[in-house]
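Turn these sequences into a full structure, and let the hints guide you.
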Amino acid sequence: MIPTAVVLLAVLFAQETATPQRFDLICTNIRDATERRPALQADLRFRIDLVDKRYCVGPCSDIRPLTVYDETLVFTQTPLSANAPFLARQSVDRHTGEYEFTFINDGRISRQDKGTCTTAPYTGSTRGERLF
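Just so you know, we're using our numbering here: the sequence shown kicks off at 1 and counts up by one.
It is worth saying that the hints were derived from the structure and are not from the lab.
The beta carbon of each residue, even a glycine, is placed where N, CA and C say it ideally should be.
Estimated spans, in silico, between C-beta atoms of each pair:
id, residue 1, residue 2, range
1, Asn105, Pro20, 30 to 38 Å
2, Pro59, Asp106, 26 to 34 Å
3, Asp70, Ile26, 16 to 24 Å
Shown next, in the form of structure tokens:
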């Protein structure tokens, strides 16, 4: 039989090391890496829900689907197609917090924003979310 204290410690340790499933990401120091003298851009705040795989940004006027990989959270990925000869991808590295927004047009990177994201407490229900 396992002593109660050991079980309690295991439960507390598991709770401390568990990845939060709902949190905010605050992305700062965002600059366009394709410019010679990139200007600092406005910070971004994302509300992340890993349970339902969705997110919103800024004032959260709409809720969008979130693609979740072990290494990366992908907010936007617009594939190249005959009707749209561009690619847009917005993502955050889950280990380093590196933020990247890349826009490729006609096979060339025309914009590549980079910054750093840190987690913050989840700011609650997103606007437009059903309450029941």
